[in-house]
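S.K.: The chain contents come next:
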Amino acid sequence: MGAGHAHPVYRERRTPVHDVPAHVKLVAVVSFVLVVVATPGTWYPAFAAYLVILAAVAGAARLRIGFIVPRLVVELPFVIFALLLPFVATGPRIEIGGISVSETGLVAGIALLMKATLSVIASIVFASTTSPREMVRGLERLRLPQILVQILTFMLRYLDVVGGELKRMRIARESRAFTARHLGHLRVLGHAAGALFIRSYERGERVHLAMLSRGYTGRLPVMEQPRVAASVWVRALAVPAAALAVLLGSWVLS
Amino acid sequence: MHVPDGFLNAPVSIATGAVAAGAVALAIRGARKELDEKTAPMAGLVAAFIFAVQMMNFPVGAGTSGHLMGGVLAAILVGPYTGALCVTVVLIVQGLLFADGGLTALGTNIILISLVTTFGGWALFRGLVMALPKNRVGLLTSGGISAFLSVPLAALVFSGLYLVGGAVDIDLGALFATMLGVHVLIGIGEALITVVVIGAVLTARPDLVYGARHLTPQLTLRTSSTASSSSTKAAV
Chain E
1 MGAGHAHPVY RERRTPVHDV PAHVKLVAVV SFVLVVVATP GTWYPAFAAY LVILAAVAGA
61 ARLRIGFIVP RLVVELPFVI FALLLPFVAT GPRIEIGGIS VSETGLVAGI ALLMKATLSV
121 IASIVFASTT SPREMVRGLE RLRLPQILVQ ILTFMLRYLD VVGGELKRMR IARESRAFTA
181 RHLGHLRVLG HAAGALFIRS YERGERVHLA MLSRGYTGRL PVMEQPRVAA SVWVRALAVP
241 AAALAVLLGS WVLS
Chain Z
1001 MHVPDGFLNA PVSIATGAVA AGAVALAIRG ARKELDEKTA PMAGLVAAFI FAVQMMNFPV
1061 GAGTSGHLMG GVLAAILVGP YTGALCVTVV LIVQGLLFAD GGLTALGTNI ILISLVTTFG
1121 GWALFRGLVM ALPKNRVGLL TSGGISAFLS VPLAALVFSG LYLVGGAVDI DLGALFATML
1181 GVHVLIGIGE ALITVVVIGA VLTARPDLVY GARHLTPQLT LRTSSTASSS STKAAV
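Sequence lines, in order, name chains E and Z.
Each step along the first sequence adds one to the number in this note's numbering, with nothing skipped, and position 216 is 216.
Throughout, this note's numbering is defined as the position within the second sequence, counted from one, plus 1000.
In silico negatives: residues of chain Z with every beta carbon more than 10 Å from chain E:
{"id": "1", "residue": "Lys1033"}
{"id": "2", "residue": "Ala1123"}
{"id": "3", "residue": "Arg1213"}
{"id": "4", "residue": "Leu1215"}
Covered stretches of chain E, as calculated for chain Z (at least 3 residues, CB under 8 Å):
{"id": "5", "segment": "36-42"}
{"id": "6", "segment": "110-117"}
{"id": "7", "segment": "127-136"}
{"id": "8", "segment": "149-159"}
{"id": "9", "segment": "162-173"}
{"id": "10", "segment": "193-201"}
Beyond 12 Å from chain Z on every Cβ pair, some chain E residues (computed):
{"id": "11", "residue": "Arg14"}
{"id": "12", "residue": "Asp19"}
{"id": "13", "residue": "Pro45"}
{"id": "14", "residue": "Ala60"}
{"id": "15", "residue": "Arg64"}
{"id": "16", "residue": "Gly66"}
{"id": "17", "residue": "Arg214"}
{"id": "18", "residue": "Ala229"}
{"id": "19", "residue": "Trp233"}
{"id": "20", "residue": "Leu237"}
{"id": "21", "residue": "Leu248"}
{"id": "22", "residue": "Ser250"}
{"id": "23", "residue": "Leu253"}
Since the hints were derived computationally from the structure, they do not count as laboratory data.
For glycine and all other residues, C-beta sits at the position ideal for the given N, C-alpha and C.
Could you build the full structure based on these sequences and the hints that come with them?
M.R.: Laid out in structure tokens, this is it:
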């Protein structure tokens, strides 16, 4: 995919983290998150250690705090849920600043916030160092079924087609002074979505025919599949291994 | 809304991952029957479309906004199996490229947002289509009702999963009530968008709506008995 197909999170650079093949990175990040999720919610030092590990990886990828923090908004709906937990959870109540809250709910809310935040940071580090093309290739090497790989490829290919149509229709709507203010305006958005589907279907059909006429067989040509050196695996898996060491260490100490 | 990491405990996350993988494997087998060699391009397009439509937020009141889940919409447009694959791919992209929805919760999200809404919604849709008059209004009503019900249905399944593997013990009655309340509101939006989109596509390109195949008359091959005999002979 050439220019204009970049997605919002990916940052093109050459750093040790960018250079790790996508499938290796994917295994590492999922294992790391799994360790975070498996950690009991009250082991606060362990979570601090995870944050340090992530900060080291983000530093190696040359990602700034100012880049990561604004992207944490994706977890916002669940932050609200976590903040509500102390009030809706059952169990013994404690007083904080004159407000009665559930102790278990408070502990669980904090745990939820920590785990979700750490995992979102890990995902941001992964997403900002892996291009969509590499991610598809990585999933393919991890034996994702061929049909899903194809759908994924087409989806990423069509995202700009659909996104372009969406943008043009939004500009057309807004130049007629339209803003969605209440549920009644859903009708307008629905019509826009219907027109969007037909327009992008017909453009997508032409894209597909153009690909077929250029010899597309259902798989994108693979340039080369270099064997991944064991040292790369070791380096990438050192991240979840460090997290696991922290988890086991805290378990022994507690 | 996507379930993040750490919301359900590790065993439940792994179990939902395994269930989701198995169900997606079944959907792959089913999808081959629904569409022909254009399966992947068409499904990729629907996935991109649902991804784009999910970015259109609409206000649900009290300063919050909701967005489409799109399961029923996808199922009616391309069939339940392909629809499930489309929404699954959308979730994979959101999880991996946009850090939206947890990585270990991917299985949970696939079950809730993709499988429950497409298959649950499709079952409701088929049932309603049988019961209601076989015309445009009947079809759109079925689509709207099943889209509406699919959202609280997913919320119920989520509450069930939370009951098994929730990280916190909270009053379940309150959880069910809150989840249902919020999702009934989102469901109304989901139903309206689904109906209007299906209606618009049905008007312009009825051949693109999988769920409306029973409305288009079957093309019949005319044989010599119906065609004029002289022209048939000339053709032979």
